[in-house]
Amino acid sequence: MALWSWWLSSFALAAVPIAHWLFLNRAVAVSGRYSALIDRIRFGAPRDGSGEMDQAALLEALRAQTAADFGDDAIEETEPSGESVDETIVRSPQGSIAHLLFLAGLALGGAASAMLAGSFSLRGGLNGDVFASVVGQLGIPAPVLLLFGGLCVGFGTRMAAGCTSGHGLCGVSQFQTGSLVATAAFFGAGVGTSFALGALQ
Amino acid sequence: MKDALLTLALGLAMGVTLSRIGFSSWDEVHAMFTFASLRMFLAFCGAVAVLAIAWPLIARAFPTRTQFRRRPIHPGTLAGGVIFGAGWALSGACPSIAMVQLGEGQLAAGWTLLGIFAGNWLYSAVHVRFFKWDAGSCLDD
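Just so you know, the protein sequences line up as chains F and C, in that order.
If you're matching positions, the first sequence starts at 1 in the numbering used here and goes up one per residue.
If you're matching positions, the second sequence starts at 1001 in the numbering used here and goes up one per residue.
If you're looking for bench data, these hints aren't it; they were derived computationally from the structure.
One or more hints might be untrue.
[What the hints assert, rightly or not] Listed below are several chain C residues computed to face chain F (Cβ distance under 10 Å; list not exhaustive):
no. : residue
1   : V1016
2   : A1108
3   : L1114
For every residue, glycine included, the Cβ atom is placed at its ideal position computed from N, Cα and C.
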């Protein structure tokens, strides 16, 4: 497959979070989608917002309770100050179906890319000569290496509350301290681990 | 419905992009981390630079829209990042990449995906017992 040049890749990679923000009004956060799905499986109860009251209903309920407890005078000060509140788009959390659709979209994108390049084929392994060589030198089966690596990815991204998309692309480009720390940590660890693997060859 | 279709379309666009950049190739990721090839490293840095310029412009164009929430910082930010980085170098995949690899027909990525779900589950189970900080979520900002 012919890969894009670094500058074309830069613009394409930047377009992803921008499109996310414009169309879905949220940052790209792939590991967060995994977390939400896991919570859905573990607790059943949605982090997907369907159990939450909408803002207007909540405000109305608060007003009614305040009026009941303290009388109608108490709530006058809390009336909206005439700002254009309704123009502010309230971000509603996406549901499990949306998370699954996004992950399915990623796979479809990979399939489309490979098919357009004419390189699509189902293989039991993972592509790459260096990968094959490293697996051979390590002397452990590829599935074990991938399962362990995946375990670290899942554990680490949930612990750091973000991955390459959320911390690396969105957080760093907004100069958020936490994202700078996380990104430096995972790039550093990636470099260290890869050099260690490379030394095996 | 509209939200669902948009989400699917954005996932698809991201999948194609990551595949064509080379992030779904174990060898390319290895070359990035060992600086054998600077292409993907520059692609990532370039994307961050483009975004850093784009966010203020977007904020000016849509002043009434919600701004991104800040991510929390806690001991897990560093430790989790290190564990994730090691896992990325071993498996050749960050969370979105496992799906892209599967779509390309690299079926062994199914092991990586299984590991990601198991690892995410494991952390969410141990967090409450062993760690005191508010983990936050990468989802809602």
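Here's how the hints hold up against the structure:
Below 10 Å, beta-carbon pairs count as interface contacts, and C:V1016 has one with chain F at about 4 Å; its hint therefore holds. Hint status for C:A1108 relative to chain F: holds, with the closest Cβ pair at about 5 Å, below 10 Å. Below 10 Å, beta-carbon pairs count as interface contacts, and C:L1114 has one with chain F at about 6 Å; its hint therefore holds.
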